[in-house]
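Engineer: From first to last, the protein sequence lines are chains A and B.
Under my numbering, residue 556 is the last one in the first sequence; the count climbs by one each step, no gaps.
Under my numbering, residue 1556 is the last one in the second sequence; the count climbs by one each step, no gaps.
Please keep in mind that the hints were generated in silico from the structure rather than gathered at the bench.
Treat the hints with caution; some may be incorrect.
Said to hold, decoys possible - Calculated pairs, PhoX-like style, for lysine-lysine (alpha carbon to alpha carbon, straight line, at most 25 Å): (1) K155/A to K70/A; (2) K70/A to K111/A; (3) K1155/B to K1114/B; (4) K1378/B to K482/A; (5) K1250/B to K342/A; (6) K378/A to K155/A; (7) K1378/B to K1155/B; (8) K532/A to K482/A; (9) K1342/B to K346/A; (10) K250/A to K295/A; (11) K346/A to K1070/B; (12) K1250/B to K1295/B; (13) K1532/B to K1482/B; (14) K1342/B to K342/A; (15) K70/A to K109/A.
As the list claims (entries may be wrong) - Each pair of labels, with its calculated beta carbon distance range: (16) E526/A to G1481/B: 31 to 39 Å; (17) Q1122/B to D53/A: 55 to 63 Å; (18) D499/A to V1108/B: 25 to 33 Å; (19) A1413/B to A536/A: 54 to 62 Å; (20) E500/A to A1501/B: 31 to 39 Å; (21) A293/A to V1108/B: 51 to 59 Å.
We put the CB at the ideal spot given by N, CA and C, even for glycine.
Number of protein chains: 2
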Amino acid sequence: MTQASSPEGALRVIPFGGLGDIGRNMMLYEYGDDAIAVDAGLMFPDDEHLGVDIIIQDYSYLRENPDLLKALFITHGHEDHIGAAAFLLREFPVPVFCTRLTRGLLQVKLKDHKLLDEIDVQVVEPGQTIHVGDFGVEFFSVSHSIPDSAGMIIKTPLGPVVHTGDFKIDHTPVMGQHTDLTRLAEVGREGALLLCADSTYAEVEGSTPSEQIVAERLEHAIANAPGRVIVTTFASLISRVQMVLDAAVKHDKRVFVTGRSMVNNVQMARDLGYLEAPDQVLMSVREMREHPAHKTVIVCTGSQGEPNAALTRIANGSHQHITIQEDDTVVLSSNPVPGNEKSVSKNINGLFEAGANVIYNRIDNVHVRGHAAREELKIVHRIVQPRHFVPMHGEYRHLVMHAHLAMQLGMPADDAFVLEDGDVLEITADGADIVDEISADYIYVDGLGVGDIDHVVLRDRAHLASDGMLVIVAAVDRHDGKLTGPPEVMSHGFIGPDDEAEIYDGARRIVVDMLGGEAQSVNWRELHDNLKDDLARFLYERTHRRPLVLPVMLEV
Amino acid sequence: MTQASSPEGALRVIPFGGLGDIGRNMMLYEYGDDAIAVDAGLMFPDDEHLGVDIIIQDYSYLRENPDLLKALFITHGHEDHIGAAAFLLREFPVPVFCTRLTRGLLQVKLKDHKLLDEIDVQVVEPGQTIHVGDFGVEFFSVSHSIPDSAGMIIKTPLGPVVHTGDFKIDHTPVMGQHTDLTRLAEVGREGALLLCADSTYAEVEGSTPSEQIVAERLEHAIANAPGRVIVTTFASLISRVQMVLDAAVKHDKRVFVTGRSMVNNVQMARDLGYLEAPDQVLMSVREMREHPAHKTVIVCTGSQGEPNAALTRIANGSHQHITIQEDDTVVLSSNPVPGNEKSVSKNINGLFEAGANVIYNRIDNVHVRGHAAREELKIVHRIVQPRHFVPMHGEYRHLVMHAHLAMQLGMPADDAFVLEDGDVLEITADGADIVDEISADYIYVDGLGVGDIDHVVLRDRAHLASDGMLVIVAAVDRHDGKLTGPPEVMSHGFIGPDDEAEIYDGARRIVVDMLGGEAQSVNWRELHDNLKDDLARFLYERTHRRPLVLPVMLEV
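Chain A with its partners taken away, still in its complex shape:
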C-alpha cells in the first residue's frame, strides 16, 4: 500500500494509462491532502488482448487513499479521455467539471452505467476557474478534432501548470475554436511551473494542416460526384459532419445519416447546438430510397473498418439499406488508427470491387489530424516557457521525442521528465524529481467482468485461438478401474472433418491402452498427466499442432 503523502509545499504529478499511451488516459495532480484527476479515458485492446472489450486504469492507489480524490476534470469527449470515467466515478463519485459537449457525451455513459443521478457534472466555460482545495483550475479553449475541447491551467501554490489535453493550432478552424495562445502567453509571462503537453505527433515535422483544407476537398467531392456520395468519419468529429452538411446544402443535396454512434452523435450535437442541420436537409431511409442519386449524400460510421459498422457492411454487401451502385463515390474522411490499417484497407478494396470510386487520404486531402506537429509544439513551449516539462499523450517514443524537442529549445535535460505510468513526479520550489512509483497497471474489462481476466486467461485464449482444443472423456468403474465403454472425443478449432475420425480413433486408443488393461491401483493425478502428455504428443506428431488437451476421467 502506498500512502499519498504529498509533503508540505509539494505538487505530485502521476500519470495513469498503460499500453504505451502514457498519460493519455488519466493524470493525477496531488497537493497536500487533495488530488484532482484530469481525464479518465479507456484504452482499446490490442490483438493480444483476445476477447477484451476495453482496458481501464488500476485505481488501487485511490482505493488505498480513499479521501484523496476530490474532483475529475475532463478536457474533451473522446473515448481515450472519457471512456473510463464511469468506472472511476462508480467507485469515487466526485464532482466532474467539463465543457458542455463533453458533458453531453459523458452523460450517455453515466446513463449506461445507471450513474446519471449519482454524479454531479458541471459545465465550465473557457476562462472560468474551479477551486478544489489548493487548486484553481481554469479552462482554456483548444483546437482539436471534436468541438468544445479544452486545456487546463491548474493554479497551485507553487505556480500554474499548463495541461494542454489533445490539441493542434488551427488558424482557420471550421467550427471557430482556436487554441488560446494569448492566454498561454500570459501564463508564460507570469511564470509557468510545469507544462504537460500532447505528444501524439511529436515525431511529425512541420505543422498540421487546417480543417479548412478538408472542407474544400470534401466540398469538391460532393459538388462533382456523378452519383451518391458516401462519407465516413469518426462519429465524434462533429466539425467534419458539419462540413458535409454545409456542402450538401450549398449544392442542393440531401443527407442520410446511418450507423448507431453517428446517428446518436448527430442527434446530440444538434440538440446541444453544435451542429447546424436544417430538417429539410436530413432525410429518412425511405426518403433516401426515392431521392435522386446525384442529390444524395450519406454520412456513416465505419471509418476504422469496425466489423459491424455501416461502411464495412456496405463494403461487404451486407448493409440493409445501402448497396453500392454505379457512380457511387465513397469518401473516407479519416486515417486508420494504428492497428486498424488492414481492416480499413479491406473496406477500400471491397468498395472498389463493388464498383465505387473511393477517395481516401492517401490520394486526396480528405482528412487532417487533430494533434499538433513539431512546429506547433515549439510555439507552445516557447510561449509557456515552463520551468519543468512532462510530455504526455503518446507512445513512449513520442514522449522521448517531445522531451528532445524541449531540450532543443533550451530546457535543461533534468527539467524534462519522460514519465512512465505510476511514476510519481514531485515538484517543490527547489526543483522536481521522480520520488516514487505506485501501481498503475491496466485492468481488462470483458463483458461484466472488470479485472478478472488476467494473463493466464489471455494465454489460454491465445492457445485456443492458435490450435483449438480436444476433449476426451472416459468413465472408469470404481470397483475394477476399467473403462465402462469407449471414450468420447470431441474437438473444436483443431482439425477439419476429413481427418477427424482417424485422429479421434488414435486418441481413443491411447486412453484404452493406458486404462483398458488389468485393474489399476490408480494414482489419478499421475494418470491424468501421463494421458495428457501422451495425447498431446500423438496429436503433435500427426498434425504438428498443439491443441489444448483436456482428458476427463469419471469414476462411476
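Use these hints to put chain B onto chain A, whose structure you have.
Structural biologist: This is chain B only, laid out in the frame that chain A set:
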C-alpha cells in the same frame, strides 16, 4: 471440373492469389495444350486466420488438367513469389527456371520439403530465352529489393507479353542492377500484346527514391554513432546488408550478424557471391562481447516485429546475447508491412524505454521501397505501349488505380482488365475478354495440414479466442437415467480464478436440475441441446461472455 481449352490461336491468362493480392502469387499463361506458371508465392495470414501458418493457391484447376503445366518460371526470391513453389512442385514436378540467387533461395525450400533431388531448377541469365511449347520466355533484369530480380518477356504466337514481376526504376542502384528499359523499348517498338505490371505502389505519386539515399543515411548513422549500431532489415534485402558492411569497413568497425534467417541469407549470399563480406569484418558472438562498443555494428532480424526475432527480443530484454546499453543506436531500415504496424511500433517504444536512440523511416530516410510509384509506371506503359493491360501485384484498389493510370495514358478502357483471381482472360488476334472463371481459392496450411482448415475451424478458433470454453461432464446411469455423481466442470480462457467456483456451482446446478430428478425417458439429442442452451444462457447472464459450451453426458 473446368477443362483447359485454350482455343486454337488464343492465349489465356489466369491469376491465382487470393486475399486481395491479385496475381502476386502465381500467374498462369496458357496457349494450346501448354501452360507455364510465373511465380508460386505464399500469402501471410491475417489476424482472422487464427493459427494458420501460411496460405497457398488452390491447384484444383491444374489437378483437373494434369498435363497442362509444363514449367515454372520465377521472377525473384521473395516469399510472396517463391513461398508456395514446393507445394506446387510436389504435385507437379515440372522444371523450374530462374536466376541464380533465386535458385539458391528456392533450393532451401525444396530441401525442407525433401524435393531437392526431384526438381530440376535451371539458372537463366537476363537475355536468355527458354522455349516451352509455343512459349519463348526471355528474362530481363529489373531493379527491386533483392538481387537477381527479373521480369519476363513471354513470346507467344500472338506477340510478346511483358510480365514485370516486382520492380522499380533505380538509376543508381546499390548492387548495380537496373530495370532494362532499353529491352522493354525494343519490345514496345516491335509491338507488345500484353503488359502485366506491378501495381503495389500505384497509389503513390512521383517516383520511388534510389537505394543510394539509404546508403548515405545508413553510413551517416554508422559513422556518427557514439556506441553500438544495431541495424535491422528484411533478411532478403541483401543490398541493404551490403551497405551496412561497406559502411562498417569504411569506418573501421566490425559486424555481428544474428537472427536465423539473417545468418542463413548472409551465408548463402556470400557463398553465391552476392555479398562481399571480408572475414575480418564479420565477428562471432564471443568477439563481439570483447569488441569496443563504438566499433561494433550488429545486423539482425526483427524488422517486422516478429515475436521471436532478434530485434523483438532485444527490445523486450529477452535476447540471449544483446542487452541495450547506453549510447546504443538502433536503425530500422525497413517499413512495417501492412498489418505489422503495431508490433513494429511496440519494438520502437521498447527500445526507447531501454535507453536506445532509435532511427526509423518516419524520422530519417533509412528505407526506400522496392516498387515503382506512378511516374515510374508511366515510363513502362509509355515504352511498352501494350495492346492490352493487366495490372497485377497489389490489393484490388491498386489494380484499379493502375488501370486508371493506363487509361490516362491513352489506353481504351476495354483493353485494361482488372482481373480477380481465377478470371480467365482470353486474348486472340481480334481482341481480349474474360471468358471463364476457374476455382482459384486459397488454401490454409497449418502444421502438416494443407487445406483441412476451413471456415468452420477458423470460426471455432475465433469463438474460443474471444470467450474461451467450458466443459461439463456428467455420467448417467443407463438403468435409471440418474446422475452417478456431481458433474465435473472445467474451463479455459473464460473467467479468472476468483469467480470460478461460483460459476462452476451454478453450471453444475443446471445439470443436476435437468438430470437429477426422477428417471428419464431420455431423448439424448434434445437433452444435450437444452442443456447447452441453458448453460450458455446462465453463463451469459452472469458474465456477458459466450464461451464455447461443451456438455458431455456419458451413459454408464
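Engineer: A separate judgement is required for each hint: does it hold in the structure or not?
Structural biologist: Here is how each hint holds up against the structure:
1. Taken as a hint, the K155/A and K70/A pair is honoured in the structure, with Cα atoms around 16 Å apart against an allowance of 25 Å.
2. Proposed proximity of K70/A and K111/A is supported: the alpha carbons are some 22 Å apart, at most 25 Å.
3. The straight-line distance between the Cα atoms of K1155/B and K1114/B is roughly 34 Å, outside the 25 Å bound, and the hint therefore fails.
4. The straight-line distance between the Cα atoms of K1378/B and K482/A is roughly 77 Å, outside the 25 Å bound, and the hint therefore fails.
5. Only pairs whose Cα atoms come within 25 Å are accepted, and K1250/B paired with K342/A is rejected, the gap being roughly 41 Å.
6. At roughly 23 Å between alpha-carbon atoms, K378/A and K155/A fall within 25 Å of each other, so this suggested pair holds.
7. With a CA separation close to 23 Å, the supplied pair K1378/B and K1155/B stays within the 25 Å bound.
8. Of the pairs offered as hints, the one joining K532/A and K482/A holds, with about 18 Å between alpha carbons and a cut-off of 25 Å not exceeded.
9. A C-alpha spacing of about 17 Å is found between K1342/B and K346/A, which places the hinted pair at or below 25 Å, so the restraint holds.
10. As the CA atoms of K250/A and K295/A are separated by approximately 11 Å, the hinted pair is consistent with the 25 Å bound.
11. For the hint pairing K346/A with K1070/B, the CA-to-CA distance comes to about 35 Å; that exceeds 25 Å, so the pair is violated.
12. The hinted pair formed by K1250/B and K1295/B meets the criterion: a straight-line CA distance of about 11 Å does not exceed 25 Å.
13. Distance check on the hinted pair: K1532/B and K1482/B sit about 18 Å apart at the alpha-carbon level, within 25 Å; holds.
14. Of the supplied pair hints, the one linking K1342/B and K342/A holds, its CA atoms being roughly 11 Å apart against a limit of 25 Å.
15. Among the hinted pairs, K70/A with K109/A is consistent with the structure: their alpha-carbon atoms are about 21 Å apart, no more than 25 Å.
16. Separation of E526/A from G1481/B is about 33 Å and conforms to the stated range, judged on CB atoms against 31 to 39 Å.
17. Remark: the range hint 55 to 63 Å for Q1122/B to D53/A is upheld by a beta-carbon distance near 56 Å.
18. Separated by about 29 Å at the C-beta atoms, D499/A and V1108/B satisfy the suggested range of 25 to 33 Å.
19. The hinted range of 54 to 62 Å is satisfied by A1413/B and A536/A, whose Cβ atoms lie roughly 58 Å apart.
20. Judged by the Cβ atoms, the range 31 to 39 Å given for E500/A and A1501/B holds: they are separated by roughly 34 Å.
21. Look at A293/A against V1108/B: about 55 Å separates their beta carbons, and that is inside 51 to 59 Å.
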